[in-house]
Amino acid sequence: MADFTGTTSLLEQRQGGLFRFILGELKPKGRILTPFNLISIPVILLGLVLIALRFAFGLGMATNLSQDFPWGIWIGFDVMTGVALAGGAYVLTFLVYILGIEKYRPIVRATILNGLLAYMFYAGCLLIDCGRPWNAFNPFIGNSFGVSSIMFLIAWHFMLYMVACLVEFAPTIAEWLGKERIRKLLSAMTLGAVIIGITLSTLHQSGLGALFLMAKGKLHPLWYTEFLPILFFVSSIFAGLSMVVFEGSISHKIFSNRLGPEQRSSHDGIVRGLAKICAGTMFVYLAMVALVFIHNQSWTYIGTPMGQWWLVEIIGFVLIPMMLFVRGYRHRSTLLMRIASAMALIGIILNRLNVSVIAFKWDAPVHYIPSWIEIEITLAIIFIEIWIFRWVVNRMPVLNNLSQPASNPNRQSGANNVAAKESV
Amino acid sequence: MDGLSFVDIFETKGIEYVLVLAFLVAFMLFIKFLNTTPRKVAAAAALQPHKEGFAIANDVYLAPGHSWVTVGSGGMISVGINEFLSRLVGKVDKVEIPVRGAEIKRGEPLFTLYQSGRKLVVPSPMTGTVSKVNSDLLSDTSHLEMLPDEWMLNLKPTALAWELSSLRVGRSASSWISNELERLRDFLASHYGQPSLAGETLYDGGLTTVGSLAQLEDEAWACLIHEFINPDQGQKCNNCGSE
Numbered sequence: 269m270a271d272f273t274g275t276t277s278l279l280e281q282r283q284g285g286l287f288r289f290i291l292g293e294l295k296p297k298g299r300i301l302t303p304f305n306l307i308s309i310p311v312i313l314l315g316l317v318l319i320a321l322r323f324a325f326g327l328g329m330a331t332n333l334s335q336d337f338p339w340g341i342w343i344g345f346d347v348m349t350g351v352a353l354a355g356g357a358y359v360l361t362f363l364v365y366i367l368g369i370e371k372y373r374p375i376v377r378a379t380i381l382n383g384l385l386a387y388m389f390y391a392g393c394l395l396i397d398c399g400r401p402w403n404a405f406n407p408f409i410g411n412s413f414g415v416s417s418i419m420f421l422i423a424w425h426f427m428l429y430m431v432a433c434l435v436e437f438a439p440t441i442a443e444w445l446g447k448e449r450i451r452k453l454l455s456a457m458t459l460g461a462v463i464i465g466i467t468l469s470t471l472h473q474s475g476l477g478a479l480f481l482m483a484k485g486k487l488h489p490l491w492y493t494e495f496l497p498i499l500f501f502v503s504s505i506f507a508g509l510s511m512v513v514f515e516g517s518i519s520h521k522i523f524s525n526r527l528g529p530e531q532r533s534s535h536d537g538i539v540r541g542l543a544k545i546c547a548g549t550m551f552v553y554l555a556m557v558a559l560v561f562i563h564n565q566s567w568t569y570i571g572t573p574m575g576q577w578w579l580v581e582i583i584g585f586v587l588i589p590m591m592l593f594v595r596g597y598r599h600r601s602t603l604l605m606r607i608a609s610a611m612a613l614i615g616i617i618l619n620r621l622n623v624s625v626i627a628f629k630w631d632a633p634v635h636y637i638p639s640w641i642e643i644e645i646t647l648a649i650i651f652i653e654i655w656i657f658r659w660v661v662n663r664m665p666v667l668n669n670l671s672q673p674a675s676n677p678n679r680q681s682g683a684n685n686v687a688a689k690e691s692v
Numbered sequence: 102m103d104g105l106s107f108v109d110i111f112e113t114k115g116i117e118y119v120l121v122l123a124f125l126v127a128f129m130l131f132i133k134f135l136n137t138t139p140r141k142v143a144a145a146a147a148l149q150p151h152k153e154g155f156a157i158a159n160d161v162y163l164a165p166g167h168s169w170v171t172v173g174s175g176g177m178i179s180v181g182i183n184e185f186l187s188r189l190v191g192k193v194d195k196v197e198i199p200v201r202g203a204e205i206k207r208g209e210p211l212f213t214l215y216q217s218g219r220k221l222v223v224p225s226p227m228t229g230t231v232s233k234v235n236s237d238l239l240s241d242t243s244h245l246e247m248l249p250d251e252w253m254l255n256l257k258p259t260a261l262a263w264e265l266s267s268l269r270v271g272r273s274a275s276s277w278i279s280n281e282l283e284r285l286r287d288f289l290a291s292h293y294g295q296p297s298l299a300g301e302t303l304y305d306g307g308l309t310t311v312g313s314l315a316q317l318e319d320e321a322w323a324c325l326i327h328e329f330i331n332p333d334q335g336q337k338c339n340n341c342g343s344e
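Top to bottom, those sequences are chains A and B. Take the first sequence: its position 57, counting from 1, is numbered 325 in this note's numbering, and each next residue is one higher. Take the second sequence: its position 69, counting from 1, is numbered 170 in this note's numbering, and each next residue is one higher.
A portion of the hints provided could be inaccurate.
Derived EDC-like pairs: lysine to aspartate or glutamate, alpha-carbon spacing no greater than 20 Å straight-line [stated by the list, open to error]: (1) K114/B with E494/A; (2) K192/B with D237/B; (3) K486/A with D631/A; (4) K192/B with E251/B; (5) K371/A with D237/B; (6) K544/A with D160/B.
Just so you know, these hints were derived from the structure itself, not from any lab. Quick caveat: nothing in here was measured; it's all calculated off a predicted structure.
Bound-form chain A, shown alone:
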């Protein structure tokens, strides 16, 4: 095993090898009985049992899905919303690796990790939602590719994008393990993975909207438009960045011991920069929505309950958060920008749920309402993702990629090497 200086690894000498090091890292760090753990552990355990039961007894016992409503919150929330909220990864890697805006580098690893986990877990929900999950591999192995379906595009894109995210994040794992040569090799692949990742994201973020193009007549006219793919793509930009602001604000407090002084001091500036991009993108999104609204002469629906619900989404959770972003940016109020990001996230959740669940067959006599098992499994998946995110951040140089804690000199030197290299 080679270390940063090309000799036997200090890691190996000190801790008796890679295997023992990883075993040591698997042990919990810090208190186990925290309020978050006490809430999340039962939810996760129950969720795992329910997932097992769902695969044993089928969708019928776990969901309120039917032939009329084949897609519920596992698609509407976990997949449609989760993928939109993971959009921060492709936007941020574009800013840092393509445009070279170094200001955002301190948060790029955490964002990629968030994107990777979101795709692995939320897109993994597709398997739970598939009536015959064993057929889910057909588009990949060539047993009836189904190339005429947008599902084919999305399936391949999800898989390829997860690989791209993994390649982007892999240098962090190699750095954690003290494998400098592998890290160098993987770092050399980062730019390629970023370019592929951005290309894939632009296509599948819009592809999720394109899925509903064939639902004309089933989707309420206020939400149905030929521009759905573009609206999904544009909204994924501010959705992803709002998630970065929101999640970053929480991480900033929870993982404050992992942050160096530079990361701490740069936090507000990063939030402000992201808020500006969010405000601009939301302005463009609103202009597109207005264009579609007028083009379709949709004002006839505004007087209906669905019309008022549409106004709640557009005014309450797009226009107002945009104004808050603008005010927060101009007045340098981080609090205001955080509130705006939370509201924008609610707006995206509403939008995706409206398109896929609420406004879908809105006029059906009996509408789909998710069962408690669907909600419980969704919560369990979110909690599992948070657990893994926390585990990784507490061990790997994710937040502290520019200044490692001094507990392990070997890894610290590696991190500094990276910092020096990446800043070039």
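Assemble chain B onto chain A, guided by the hints.
Showing chain B alone in chain A's frame:
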């Protein structure tokens, strides 16, 4: 001759063209609005104390004499003194600011602060003509307790891009101000045995104690001014290691 015929703006997609053009204009105005920072906010943010030291806004430039510069619309610049200097000086008896129309060169006296018979001259960070003076600052005597975090005058610069490039901004400004705090602590501790004057939390990059300057003897005062504020003023320290 045919009569007048009305064109259906929806059929011809005319409304879409109008909307797209309106969007382009609105988007430009939106970005312009987004990029303008209210003057009060800019001035306050320039010097806002932070629990880990001074938070320097990204669009605030710092000069070696501890004055700050922000660039407004039309290339007009606002100038003030930063909190490092403001806290260091504390209460002042009188402030002198050049009159409107005065032409100032970089490095020439810009603000003169009077305190207990001593005169501290802050050099100008830029060359230009004074276009506006903050009259509130001159008329309001409450500021004499401690100079406020506000712009003191506007300058119409003559070599904006060239001179701005020599000032510190962003990360460079943050790290410089941290170094200045550290240097001040060392200065007060090693040469005058009074590190407490630098501020209790200064080891962590905190703020200076208000009015430290007034407590120094004449020689130390002159040396500190020469070292930190104005190399043309004061005197070199005999026992200063950095000399």
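Identify every previously stated hint that the structure contradicts and give their numbers, smallest first.
Per hint list: single violation, 5.
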